[in-house]
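**Q** Here is what each chain is made of, one letter per residue.
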Amino acid sequence: SQKIEQNSEALNIQEGKTATLTCNYTNYSPAYLQWYRQDPGRGPVFLLLIRENEKEKRKERLKVTFDTTLKQSLFHITASQPADSATYLCALDIAKSGGTSYGKLTFGQGTILTVHP
Amino acid sequence: EPEVTQTPSHQVTQMGQEVILRCVPISNHLYFYWYRQILGQKVEFLVSFYNNEISEKSEIFDDQFSVERPDGSNFTLKIRSTKLEDSAMYFCASGAQYFGPGTRLTVL
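Protein chains in written order, with the numbering used here: chain A, 10 to 126; chain B, 3 to 110.
Errors might be hidden in some of the hints.
[What the hints assert, rightly or not] To give an idea of the chain B side of the interface with chain A (calculated C-beta under 8 Å), a few residues:
#: 1; residue: Tyr33
#: 2; residue: Lys44
#: 3; residue: Val45
#: 4; residue: Phe47
#: 5; residue: Ser50
#: 6; residue: Glu58
#: 7; residue: Phe93
#: 8; residue: Ala98
#: 9; residue: Gln99
#: 10; residue: Tyr100
#: 11; residue: Phe101
#: 12; residue: Gly102
#: 13; residue: Pro103
#: 14; residue: Gly104
[Stated by the list, open to error] As a list, the in silico EDC-like pairs of lysine to aspartate or glutamate whose alpha-carbon atoms are at most 20 Å apart:
#: 15; chain 1: A; residue 1: Lys68; chain 2: B; residue 2: Glu3
#: 16; chain 1: B; residue 1: Lys44; chain 2: A; residue 2: Glu18
#: 17; chain 1: A; residue 1: Lys66; chain 2: A; residue 2: Asp76
#: 18; chain 1: B; residue 1: Lys44; chain 2: B; residue 2: Asp88
#: 19; chain 1: B; residue 1: Lys85; chain 2: B; residue 2: Glu46
#: 20; chain 1: A; residue 1: Lys64; chain 2: A; residue 2: Asp76
#: 21; chain 1: A; residue 1: Lys80; chain 2: A; residue 2: Glu14
#: 22; chain 1: A; residue 1: Lys12; chain 2: B; residue 2: Glu46
#: 23; chain 1: B; residue 1: Lys80; chain 2: B; residue 2: Glu20
#: 24; chain 1: A; residue 1: Lys12; chain 2: B; residue 2: Glu61
#: 25; chain 1: B; residue 1: Lys44; chain 2: A; residue 2: Asp48
#: 26; chain 1: A; residue 1: Lys72; chain 2: A; residue 2: Asp93
#: 27; chain 1: B; residue 1: Lys80; chain 2: B; residue 2: Glu46
#: 28; chain 1: B; residue 1: Lys44; chain 2: A; residue 2: Glu14
#: 29; chain 1: A; residue 1: Lys72; chain 2: A; residue 2: Glu14
#: 30; chain 1: B; residue 1: Lys85; chain 2: B; residue 2: Asp65
#: 31; chain 1: B; residue 1: Lys80; chain 2: B; residue 2: Glu55
#: 32; chain 1: A; residue 1: Lys80; chain 2: A; residue 2: Glu65
Simulated from the structure, these hints should not be mistaken for laboratory data. Don't be surprised by glycine CBs; every beta carbon is placed ideally from N, CA and C.
Generate the whole structure from the sequences, applying the supplied hints.
**A** Right, here's the structure in full:
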């Protein structure tokens, strides 16, 4: 069966450290993998997208890696701040652009990140 | 930056009643989606909409659900006869990445 697992339900780190979150999947061949931030009672906010043929993507303090052999993505937040505290979701998009399933995302259960001052 | 809006932010209804959740997607997007998130659970895909018709729907999206783009700007999700288990946050998404703030539906 198909599964997406985010390895930690909760991650606690000290301010200034690097947070590393993991997303593993089985029995999918995603075209894209995306990371979102979700605050309590709010909608997911898009952070980064990485394509199946890309190994790494960066945006400011964020870095995503994608290993389609290991079927794993790592999401890093460097120089973490208390304001980074939130739930982080990974989501797979298995469809190619323009197909009928385009943009249909399958989400992991999320990792709650808490950054302590 | 363009944003997706949803109304109402919170809807309380009695079991068996019909509800309509409204979304205004980003104007130049072509694909629209509804997702739901039951408290403490994953965000789940319900339906995708392209070119004024449903392009894909999940098992959750049964006959009591329908979607419409009645006037070229609004995008609605109708639940005909609500059940207790329909209580959840419902998110509209525009394009593949832009989510609205959600409507919290509470069915009593």
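**Q** So, for every hint listed, does it hold in this structure?
**A** Results of checking the hints against the structure:
For Tyr33(B), the interface hint holds, the least distance from its beta-carbon to any beta-carbon of chain A being 5 Å, beneath 8 Å. The interface hint given for Lys44(B) holds, since its Cβ lies 5 Å from the closest Cβ of chain A, which is under the 8 Å cut-off. At a threshold of 8 Å, the smallest CB-CB gap from Val45(B) to chain A is about 4 Å, leaving the interface hint in force. Hint on Phe47(B) holds. Least Cβ distance to chain A is approximately 5 Å, under the 8 Å limit.
Hint on Ser50(B) holds. Least Cβ distance to chain A is approximately 6 Å, under the 8 Å limit. Among the interface hints, the one on Glu58(B) holds; its C-beta lies about 5 Å from the nearest C-beta in chain A, closer than the 8 Å criterion. Checking Phe93(B) against chain A by beta carbon gives a least distance of about 5 Å; that is within 8 Å, so the hint holds. Interface hint status for Ala98(B): upheld, as the beta-carbon distance to the closest one in chain A is roughly 3 Å, under 8 Å.
Taking 8 Å as the C-beta contact cut-off toward chain A, the hint placing Gln99(B) at the interface holds, the least distance being around 4 Å. The beta carbon of Tyr100(B) comes within 7 Å of a beta carbon in chain A, closer than 8 Å, and the hint placing it at the interface holds. Interface restraint check: Phe101(B) against chain A, minimum CB-CB distance 4 Å, threshold 8 Å, status holds. For Gly102(B), the interface hint holds, the least distance from its beta-carbon to any beta-carbon of chain A being 5 Å, beneath 8 Å.
Because the smallest distance between the Cβ of Pro103(B) and any Cβ of chain A comes to about 5 Å, under 8 Å, the interface hint for this residue holds. For Gly104(B), the suggested interface contact is upheld, since its CB lies about 5 Å from the closest CB of chain A, less than 8 Å. The straight-line distance between the Cα atoms of Lys68(A) and Glu3(B) is roughly 18 Å, inside the 20 Å bound, and the hint therefore holds. In summary, the hint linking Lys44(B) to Glu18(A) is supported, as the alpha carbons are separated by about 12 Å, within the 20 Å threshold.
Note on Lys66(A) and Asp76(A): the hinted pairing holds, with a Cα-Cα distance of about 12 Å set against a maximum of 20 Å. Restraint check for Lys44(B) and Asp88(B): satisfied, since their Cα atoms lie roughly 14 Å apart, inside the 20 Å limit. Between Lys85(B) and Glu46(B), the direct Cα distance comes to roughly 17 Å. Compliance with the 20 Å bound is thereby established for this hinted pair. Restraint check for Lys64(A) and Asp76(A): the C-alpha separation of about 7 Å stays at or below 20 Å, so the hint holds.
Our distance criterion of 20 Å between C-alpha atoms is met by Lys80(A) and Glu14(A), whose separation comes to about 11 Å. For the hint pairing Lys12(A) with Glu46(B), the CA-to-CA distance comes to about 13 Å; that is within 20 Å, so the pair holds. Restraint check for Lys80(B) and Glu20(B): satisfied, since their Cα atoms lie roughly 7 Å apart, inside the 20 Å limit. As the CA atoms of Lys12(A) and Glu61(B) are separated by approximately 17 Å, the hinted pair is consistent with the 20 Å bound.
For the proposed pair Lys44(B) and Asp48(A), the alpha carbon gap of about 14 Å is at most 20 Å, so the pair holds. Taken as a hint, the Lys72(A) and Asp93(A) pair is honoured in the structure, with Cα atoms around 14 Å apart against an allowance of 20 Å. Of the pairs offered as hints, the one joining Lys80(B) and Glu46(B) holds, with about 17 Å between alpha carbons and a cut-off of 20 Å not exceeded. With a C-alpha separation of about 11 Å, the suggested pair Lys44(B) and Glu14(A) falls inside the 20 Å cut-off, and the hint holds.
Proximity of Lys72(A) to Glu14(A) is assessed by CA-CA distance (about 19 Å); at most 20 Å being required, the pair is judged to hold. About 13 Å separates the Cα atoms of Lys85(B) and Asp65(B), which keeps this hinted pair within 20 Å; it holds. Simply put, Lys80(B) and Glu55(B) have alpha-carbon atoms about 15 Å apart, close enough for the 20 Å limit, and the pair holds. Of the pairs offered as hints, the one joining Lys80(A) and Glu65(A) holds, with about 14 Å between alpha carbons and a cut-off of 20 Å not exceeded.
When held up to the earlier numbered hints, the structure conflicts with none and fits them all.
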